[in-house]
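The chain contents come next:
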Amino acid sequence: MIAGILQYEFLQNAFLTGIIIGIIAPLLGVFIVVRRLSLIADALSHVTLAGIAASLLLEKKFTGLAGLNPLYMGMAFSVAGSLFIEKLRAVYKHYQELAIPIILSGGIGLGVIFISLADGFNTDLFSYLFGSVSAVSRQDLWTILIISVFVIALVVLLYKELFLLSFDEEHAKASGIAAKSVHFIFIVMVALVIAASMRIVGILLVSSLMTLPVAASIRIAKGFKQTIFLSMLFGEISVLGGLTISYHIDLAPGGTIVMIAVLILIVTILLKKIAGMRPA
Amino acid sequence: MTQPIIEINHVSYRYEKENVLEDINLTINSGDFLGIVGPNGSGKSTLLKLILNLLKVQKGSIKLFGQEISRFKDWQNIGFVSQKANSFNTGFPATVFEVVSSGLTKKLGLFKFMSKADQATVLHAIESVGMHEFAGRNIGELSGGQQQRVFIARALVSEPKLLILDEPTVGVDVKNVQSFYEMLDDLNKKLGITLLLVTHDIGTISDKVTHVACLNKNLHFHGNTAEFESLNINEMSEIYGHDVHVLTHNHDHHDHHHHDKGAGR
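Residue numbers (numbering that gives the first Met the number 0), protein chains in the order written: chain F, 0 to 279; chain D, 0 to 264.
Excised from the complex, chain D in its bound form (with noise of 0.2 Å):
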C-alpha cells in the first residue's frame, strides 16, 4: 500500500511583490524516487524550504507523513542533504565515521554517549553509501563524490523514512554521476527510503528515478521517467523559457532529445 509522504496542495508562495510558486500540487508516496528539474530561479529551494517548514506556508498546504507540517513533529523521519554540505571545510581532520557519528548527535540527546548499537548503525550507514573501506579515512581526502556520500550517510544515520537531496551531484564527477545513482537507487529499493531530488541540470537526472517534476513557478508533473523523456523540445523549452540542451550522461555527443537513458533498465 503505498502511503503519501509529502502531500502539497495548492501552495503559492511570493517574496514581497514576487511571485515564486504558483500553485503547486505535488504528492511524493512512500517508495517513490522523484525528481524535480528547474532552472535556477525556478523556485526549488523555495520549494524545499516550505517542505523543511523553514519557511513557513502562505497559501494552500502541505502535509507530511499525513500530517499538517505546522503540527507535524517527527523530523528525525525526514534526512536532508544541503546544497552546501560540500562546501564544509576540507582541511577538517575527522574521519568518515567521526562525520557520519554527528548525524546522531540529536538523536542521542545531551549528555548522552554512543553505545555498541550506535555504533554498528553509523557503520551500517556508511555501509549502505559503499563507503565502508573509507571509514577510517580523513573526510579530507576524499573525493567531493564520496564526500556527498559520506554526507547522505550521515543524514541516513539517523534512519530516516524520506531523505531530500539539493543539488547532490554538484561537484560529483560526471563519470562518478552514475555511479552515484545506482547508490541512491539502492537506498530506494533496498532500504525502502523515499528520495526527494532537486536539481537545476535536467542532464543528471537519470533513469533511476520513478518520477520527474519540472518547476518553474508552476510545476508540471510528468508521472514516471518514460513520460518525461517522450516530451519534446518544444514542451521543455515553454517549461525552461529557452532552448534547451540535454546531456545525456553515457554519450559524449550533445543531444537535444533525452533519450536512451532506460538502456540500463
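For reference, chain F alone in the conformation it holds in the complex (with noise of 0.2 Å):
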C-alpha cells in the first residue's frame, strides 16, 4: 500500500486528509464532549448534507458551475447552520436542546429536496454520506489543511477560555472573559471541521468521529490535556486503520473508521473494568 500511495495522487489525499481530520476532529471533540453538545454536530452534518446537495444540484442545473467544489458550499451551509443554532437556543432559553433537532430535522427535509430536484447524482452523492477513499481531491486537501492550522491555532491561542467556558459557564461570564465571544468562535470552528471531516468520514458518521474518540480517552485519561492527546491518538488510529482497510477490501471508509473507533472505545471500557477488579 505504501508503493501505492508514493503511486498515486488520489490516495496521498485521501491519506494526509485523513491524517489531518484525525487530529481536529476528536481535538474539538473533546470540548463538545464535555460541554454536552455532542448532538450539534449531527445536526451540522445533516446541515453540510444540503449544502453538498445543493451544490450538486447548481452543478447540474448550471454547466457553468460545474467546477464548484461541493465541500465550500457544504461549509457555508454549515457555519449557517452553526449561526441558526445559537440563535435558536437563545430563543428557546429553556429548552435549548431544542435547537438540535429543529435544525437536524431542517437540513435533512432541505438535503432532500435538493436531492431529488436533482435525480441521478447517486454515486456522488454516496461518496459524501459514507465517505470515499477515492473522491479527494488535491483541491480538498488543500481548503483542509488551511481549516486545520486555523481551527489548531485557534483551540491553543484560546485553550484557557475554551477549557474555563467548557468546565464552568457560570464562572467564567463571571469573571468577565468573552464567553460569547469565545463560545461563537467554537461553534464556528465545529462547523467547518465538520464540513471538512465528510470527505473521509462521510456526513452520516463524521460526528461519530468526533464523539468515539472521546468517548475512549475519557474513560483512561488523567486530566483534560490528556484527555485531549488520547481522543487525537484514538482518532487518528481509527482513521488510518479504517482507510488502510478500506483500500484493501473496496469498503466505504466512514464504516471501517467508525468501527475501528468502536473497538478502542470497548477495549478502553473492558480495560477500565478490569483495573477496576485488580485489588489496589
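If you're looking for bench data, these hints aren't it; they were derived computationally from the structure.
Fair warning: this is a prediction, and the values are worked out from it, not measured in the lab.
In this text, a Cβ means the ideal position worked out from N, Cα and C, and glycines have one as well.
Don't take each hint at face value.
Unchecked claim - In silico SDA-like pairs for lysine to any residue, Cα to Cα no more than 20 Å straight-line:
# : chain 1 : residue 1 : chain 2 : residue 2
1 : F       : Lys179    : F       : Val155
2 : F       : Lys224    : D       : Phe133
3 : D       : Lys111    : F       : Val181
Said to hold, decoys possible - With beta-carbon atoms standing in for the labels, derived distance ranges:
#  : chain 1 : residue 1 : chain 2 : residue 2 : range
4  : F       : Leu82     : D       : Leu190    : 40 to 48 Å
5  : F       : Gln138    : D       : Lys72     : 46 to 54 Å
6  : D       : His131    : F       : Phe183    : 31 to 39 Å
7  : F       : Val148    : D       : Gly139    : 29 to 37 Å
8  : D       : Gly135    : F       : Val266    : 22 to 30 Å
9  : F       : Gln95     : D       : Asn52     : 21 to 29 Å
10 : F       : Lys86     : D       : Gly108    : 50 to 58 Å
11 : F       : Val148    : D       : Gly135    : 27 to 35 Å
12 : F       : Arg218    : D       : Gly108    : 31 to 39 Å
Unchecked claim - A few chain D residues that don't get close to chain F, going by computed Cβ distances all over 10 Å:
#  : residue
13 : Ser11
14 : Glu15
15 : Pro38
16 : Val56
17 : Thr94
18 : Lys115
19 : Gln118
20 : His123
21 : Gln177
With the hints as a guide, bring the two chains together.
This is the structure we're talking about:
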C-alpha cells in the first residue's frame, strides 16, 4: 500500500486528509463532549448534506458551475446552520436542546428536496454520505489543511478560555472573559471541521469521529490535556486503520473508521473494568 | 493597622414590593473572618450580590477597599466561591491542577500562556488548601469537601485579599467540616486573607470565625464569637423567627445552646 500511496495522487489526498481530520475532529470533539453538545455535530453534518446537495444540484442545472467544489457550499451551510443553532438556543432559553432537532430535521428536509430535484447523482452523493478513499481531490486537501491550521491555532490560543467555558460556564461569565465571543468562534470552528471531515468519514458518520475517540479517552485519561491527546491518538488510529482496510477490501471508509473507533471504545471500557477489579 | 475592606452603610434593598434588606450597616476590616448566618430568605444572597456588584445598590452605600463600589475596579482582589461551584459536571476530565489553573484565565488575559511562575502560584494555592497530594487527580474522584477546597484554591490563585464563600460547607462531610474550618483559619491567619462566609446553618459556624453577624432583613452584628455564643435562645429565636436548634460539631446530641465551641482555643 505504501507503494500505492507514493504512486497515486488520490491515495495521497485521502491519507493526508485523513491524518489531518484524525487530529482536528477529536480535538474539537473533546470540547463538544464535555460541554454536552455531542448532538450539535449531528445536526450540523445534516445541514452540511443540504449544502452538498444544493451544490450538486446547481452543478447539474448550470453547466457554468461545473467546477464548483461541493465542499465550499457544504461549509457555508454548516456555518450558517451553527449560527441558527445559536439563535434558536437564545430563543428557547429553557429548551436549549430543542435547537438541535430543529436544525437537524431542517437540514435533512432541505437536503432531500435538493436531492430529489436533481435525481441521478447517486454515486457522487453516496461518497459524501459514507466517505470515500478515491473522491478526495487535491483542492479538498488544501482547503482542509488551511482549515486545520486555523482551527489548531485558535484552540491553542484560546485554550484557557475554552477550558474555563467548558468546565464552568457560570464562572467564565462571572470572571469577565468574553464567553459569548469564545463560544461563537468555537461553534464556527465545529461547523468548518464537520464539513472538512465529511469527505473521508461521510456526512452520516462525521459526528462519530468527534465523539467516539473522546468517549474512549475520557474513561482512562487523567486530566484534560491527556484527554485531548488520547482522543487525537484514538482518532488517528481509527482513521488510518479504517482507510487502510477500506482501500484493501474496497469498503466505504466511513464504516471501517467508525468500527475501529467503536472497537477502541470497547477495549478501553474493558481495560477500565479489569483495572477496577484488580485490588489496589 | 486595620483597614476597612467592606463598608456597608444604611443599605436597603427591595424586589418590587418586598423589602429584602433593611438598613444594613456592616464593616469588615482587613484580617477579619466574618461569618454571616441567616435563615433561607433572609437576604443573604442579595447582600452577596450587592457586595459583588451583581446587583446595584438602591439605598445606602457600599465601599470596597475604601472605594465607592460603582468606581471599584480591582475585582481581582476579591475571590468568590459560589454555592453553585459544587454542582459542576463531576465527570469532567480535568485534574485539580487544571481546575485551579483556570482561575488565572482572566488575570493572564487573551492569548497568554502560563509561565513557570504562574504554575508555581497554582501549586502554592493548591498547597494552601491542603490538596497538594491530589494535584494530579481528576476532580471527579474527590469527595465533596475536597472539591470545595479545590474551588477555594481556584479563587485563591489570583491572590485575592478578600475571599467570599457562599455556603461553603454544603456537600462537605460533617466529620470534615472541622478540618475545613481549620484550613480557612490558616488562610485567614497565615496568608492574612480576609474572609466573609455566609451560611444558613448556625451550627456550621465554627469557633474559627472572629466575628459573627445574623441576618434576617436586618443585620444583628455580634462582634466577636464569644458575644455570639452568649446570646440566649430567645434572642436567637427573635432573629430566626422560630425555635432554633443549634447543632454543634463536637457533640452528637442536639443542644439549645451554642456553647463549648471554644474548647479548642
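Comparing the hints with the structure gives:
{"no.": "1", "hint": "Lys179(F) with Val155(F)", "verdict": "holds, 18 Å"}
{"no.": "2", "hint": "Lys224(F) with Phe133(D)", "verdict": "holds, 17 Å"}
{"no.": "3", "hint": "Lys111(D) with Val181(F)", "verdict": "holds, 15 Å"}
{"no.": "4", "hint": "Leu82(F) with Leu190(D): 40 to 48 Å", "verdict": "holds, 47 Å"}
{"no.": "5", "hint": "Gln138(F) with Lys72(D): 46 to 54 Å", "verdict": "holds, 52 Å"}
{"no.": "6", "hint": "His131(D) with Phe183(F): 31 to 39 Å", "verdict": "holds, 38 Å"}
{"no.": "7", "hint": "Val148(F) with Gly139(D): 29 to 37 Å", "verdict": "holds, 34 Å"}
{"no.": "8", "hint": "Gly135(D) with Val266(F): 22 to 30 Å", "verdict": "holds, 24 Å"}
{"no.": "9", "hint": "Gln95(F) with Asn52(D): 21 to 29 Å", "verdict": "holds, 28 Å"}
{"no.": "10", "hint": "Lys86(F) with Gly108(D): 50 to 58 Å", "verdict": "violated, 30 Å"}
{"no.": "11", "hint": "Val148(F) with Gly135(D): 27 to 35 Å", "verdict": "holds, 32 Å"}
{"no.": "12", "hint": "Arg218(F) with Gly108(D): 31 to 39 Å", "verdict": "holds, 35 Å"}
{"no.": "13", "hint": "Ser11", "verdict": "holds, 25 Å"}
{"no.": "14", "hint": "Glu15", "verdict": "holds, 22 Å"}
{"no.": "15", "hint": "Pro38", "verdict": "holds, 25 Å"}
{"no.": "16", "hint": "Val56", "verdict": "holds, 19 Å"}
{"no.": "17", "hint": "Thr94", "verdict": "violated, 4 Å"}
{"no.": "18", "hint": "Lys115", "verdict": "holds, 16 Å"}
{"no.": "19", "hint": "Gln118", "verdict": "holds, 13 Å"}
{"no.": "20", "hint": "His123", "verdict": "holds, 19 Å"}
{"no.": "21", "hint": "Gln177", "verdict": "holds, 28 Å"}
Consistency note: the structure conflicts with the earlier hints numbered 10 and 17.
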